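Visitor: Next come the chains, spelled out residue by residue.
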Amino acid sequence: MDTLLNRYRNITVLLLVIFAQLVLIAVQVRNDRDVRMVRIWSITAITPLARLLETVRSGTAGLFRNYILMHDAREDNRRLQAELDRLKMENQFLKTEISTADRAKALVAFQQRTQSRTIAARVIAAGAGANSKVVFLDRGSGAGVEKGMPVVTPDGIVGKVVAAYPTASEVMLVTDPEFAAGVVSQKNGVVGTLKGQGQSTCKVDYLPSEEKVEVGEMFFTSGDDRIFPKGFPVGVVRVVRPSSPYQEVLVEPSGLQHGLEAVLIVLEGVHQAIPELPPPNAPIYLGTPPPPAPGEQGVQPAGPVGTDADKLLRKYRQIGAAENHKFGEGAPGSKPPDFNLKIPPPGAEGSDAETPRQGDAENPPAQVSQPAATKPTSIPGPADGTKTGVAASPRRRVAASQTAPPPQPHQ
Amino acid sequence: MTDYGDRYLVGNQREQVSRFRARVMLLVPLAAILFQVYVPRIIPVLGYLELPLLATIYFALMRRSQIGGLFIGAFIGLAQDSLSIKQPLGMYGIVKTLVGYFAASVGLRIDVEHSVIRLLLTFFFYFFHEFLYWVLARGLLGRQIPFEVQRTLVLGLLNAVVGVTLFHFLDKLREPA
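In order, the protein sequence lines correspond to chains X and G.
In case it helps, the working numbering puts the first sequence at residues 1 to 411.
In case it helps, the working numbering puts the second sequence at residues 1 to 177.
So here's chain G without its partners, still in its complex pose (with noise of 0.2 Å):
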């Protein structure tokens, strides 16, 4: 990587790091926790949305902070179990854990301000996410569900979309720097 990359592409961490009020933090999670939970019940197209998905790269990847990302993921994943039916708690729990520890990781290095690259990120952190929980749910389940390639490669592409439009809008509930 050259020295103008790392300029563009890392550039001042101390300068890039959001920081949301906390009443943002806990409520953008839980609407979208919710949203996931009763909105496919009136309106059943919206569930292919992984909308506390979305919330956790978008936290993750804003705060740069591994530590923060995995945390946030951990929260989101077992609020997400606990109202999940016949879900053990722990399994959305581990996967957006880990999600939103390498989400964190990667907004570490790169910058991702950018649509285009918030758009890539989602969509590989959707399909990361998908992946993770079929293999947790036949390793530790047992689970023989079956893991459809081209669908997930789709919603993938879906939440992406929504995940950038998302990512604008709470951009606005940033702190002012």
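Pulled out of the complex, with its shape left as it was, chain X reads as follows (with noise of 0.2 Å):
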């Protein structure tokens, strides 16, 4: 040790010497806001030791109180668990409690909408056999509930009424072995009987193989077994499989998918429409064509684009027009409409009287693709273009929608 401080001396001197001087600067100078650099070196230097110490007794503490917390874990554990399992409960509950009056929301919404005279009711009970495919309504004779009423959700079909009772009704679902409905596809409209198989798919028996059936393809009443009215919702194709004479198709009944809660007893049916598909190619909007350079004479469509078969819709519906016959409504054995008719091409240049001249003030080419005017429309007449002021009839108004020229440049 002696010979250390000797052989250090010197700069041991020469460090307690700077030492001191610069104490005494501390105690002297103040900085801006008057405190003695003294204090605030002091501060600086003992700040980080104090830091340090602080934080290895608050980890020192910290672990001694998590140890000791530790014994009161488990009985927290259990006591957390049970609550969580609770909450679990709870929240089921609610969620159930939600989708229930999800249902019954959407159950009154379909009640109002449909054209059906409808009575809801309640799933109370089912059938007691283990392979039974009935339950039991808390609606029967005495809310006007008969035999062979059909019971529907917004879904789709959900079986029929077999038994009704002063306060109650047996109602047999779809997926009964003795179930069966009339049906129709919804693409191509074939028709055949749906049955119940006993399992969660229904077959629907009856379709010629030559018949194209789809898979995804929807399934509704077809209204012929004068139980179900037309235009309710049956099922999803999902299997089909060749087979001769009938192809074998399965259906999934879209009406049992959400569970049975509350249904519809259809008490007085009426047929409706099944929904036609979206179109394909729906329309969308096309603004008018950008007037041509002078001098430039612009090629316009000769008429309204789209497939061959979209050209022979618009053909039978401007024939239907011209006639004024409504397709599907008339009844068998009426005269159906003279599909012979001839309708002017579009843009058919003095063909028709109707059809308005290029260019005409009062029938603008940006109005073209329009649906006609339901007001009576002056029409030029046809050789000196002078109107005539003729009110056009329905007939010659639908065909003046349908045969406007395509949109020329103004003159």
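Be careful, since some hints might not be right.
As the list claims (entries may be wrong) - Listing some non-contacts, in silico: residues in chain X with all C-beta distances to chain G over 10 Å:
#: 1; residue: Leu53
#: 2; residue: Thr96
#: 3; residue: Gln318
Claimed, not checked - Simulated pairs of lysine to aspartate or glutamate, DMTMM-like, Cα-Cα distance not exceeding 25 Å:
#: 4; chain 1: X; residue 1: Lys105; chain 2: X; residue 2: Asp224
#: 5; chain 1: X; residue 1: Lys147; chain 2: X; residue 2: Glu217
#: 6; chain 1: G; residue 1: Lys86; chain 2: X; residue 2: Glu210
#: 7; chain 1: X; residue 1: Lys230; chain 2: X; residue 2: Glu217
#: 8; chain 1: G; residue 1: Lys86; chain 2: X; residue 2: Asp32
#: 9; chain 1: X; residue 1: Lys195; chain 2: X; residue 2: Glu210
Bear in mind the hints are in silico, worked out from the structure with no lab data behind them.
Fair warning: this is a prediction, and the values are worked out from it, not measured in the lab.
Ideal Cβ positions, reconstructed from N, Cα and C, are used throughout, including at glycine.
Work from the hints to combine the two standalone chains into their complex.
Guide: In structure tokens, the structure reads:
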């Protein structure tokens, strides 16, 4: 130790003298906030050490505290687990309540929307048998329920009433092997008979193998069974197996997919139209083309664009409109429309008196693709272009709207 | 370093340690401080001379004792601080303590009797003194003072020339060996 001090004596003395003078400066000098430098330096020197000590102290104390608290962790864990279970059950109950409320809301909305007279009922019991596909509803003959009435939900048909008691009724579900109903496919209108199989799916019988049925296609009630009104959804095609003479088609009933709690009993059924599929190429808005430059002859399309089926559909609609015939409403044996009626092609110059002239002020090109106006329209004369002032008949208006020439540049 | 160089530069420590009378050790620094304080008020140009620093360098070099050198520097520096207005005690004290310590350390290793070596050492220590003071003023006092390198170099050369002359005069005040 003595040797060490002798060896570093000079530097030690130097450091001591420097330190003493630093302290001397620190005692004298104040910073801009009138605090002595010695205080600032002292705090600056002490603070990291104090922070380190506090970190060690708090860490040690926390360690001991956590160790002590561990003794109660098991009891807390058990209590929290029980509370979690209770909250899970409560959450599930509330979810069920919300789901029930949503279904009831949908049921009411469907009841108001459909044209059939219905009465709401709740499923109060299921059949006693293991393979039983019947349920009991809380509405019976006292509420006007009769045997044979259909039971539906907004999602689809459920079954039919097989027995009506004073305060309840028994319903055979669509999955029951004895259940049968007339159905029709949405896309191609293929008619068949829906039969239950005792399973979750039903089969559609009597579908000729040459008829086209696709997986994913919807079936609707056809109304042929005189139980279910036409137009109620039945289910989605899940399996199509070609066979002879009838193909095998399995349908998943859509009315049973979300459970059975509340249903509608159809007291008086009204046939309704089967909803059409959305067209594959939905119409989109097309603005008017820009006017061509002076001296340029713009090439205009001859008519509305579309597939051959679209053109045929437009032609038949024109024929129907021209003959005041509404498709689908004619009684059997009534006179069909004349499909050989000549409809002037769009843009036929002078072929029809109703065809407006190109660039006519009252038939601007930008409105050609719009439906015909319902008010009387002034139509120019065929030769001199003078307006006749004759109100166009509905037939003429339809023809005018359908055969309107393509837009032409204003001269 | 070769053996010849060692003998030339280091020599015999006992023979080369200079001794001064106590009154010389006391009066010369005091005179230098008084010169630094009062003479520039009459002749401002002489304010560029740093006679307390030259006295510190000389006595530290010639005493060849690090502890002695640092105490000489501390004494002269604190005295200079005490006579300076708005100067906290210890600023020049710290700077001159370090100058005295390092000058004594250099004096232990090389022959400081040669005028050229004295010139270079004085020039170097002047620059070191000014730079260290600038660092301390900025670091400890927060004073934003500029450090003019060229001016410092010129004044260092001036003080070195004056210092060599002064050292020759002070050599005559040494006690004979």
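Visitor: Indicate, hint by hint, whether the structure satisfies it.
Guide: Now the hints, each set against the structure:
No beta-carbon of chain G comes within 10 Å of the beta-carbon of X:Leu53; the shortest separation is about 28 Å. Listed as outside the interface, X:Thr96 is consistent with that label: its C-beta sits roughly 73 Å from the nearest C-beta of chain G, beyond the 10 Å cut-off. The beta carbon of X:Gln318 is kept farther than 10 Å from every beta carbon of chain G, the shortest such distance being approximately 95 Å. Taking the CA atoms of X:Lys105 and X:Asp224, the gap is about 30 Å. The hint is violated against a cut of 25 Å.
At roughly 31 Å between alpha-carbon atoms, X:Lys147 and X:Glu217 are farther apart than 25 Å, so this suggested pair is violated. A distance of roughly 114 Å separates the Cα atoms of G:Lys86 and X:Glu210; the hinted pair therefore is violated under the 25 Å criterion. Restraint check for X:Lys230 and X:Glu217: satisfied, since their Cα atoms lie roughly 17 Å apart, inside the 25 Å limit. Under the criterion of a C-alpha separation no larger than 25 Å, the hint pairing G:Lys86 with X:Asp32 is consistent with the structure, at around 15 Å.
Between X:Lys195 and X:Glu210 the CA atoms are separated by roughly 20 Å; this keeps the pair inside 25 Å, and the hint holds.
Comparing the model with each earlier hint shows violations of hints 4, 5 and 6; every other hint is respected.
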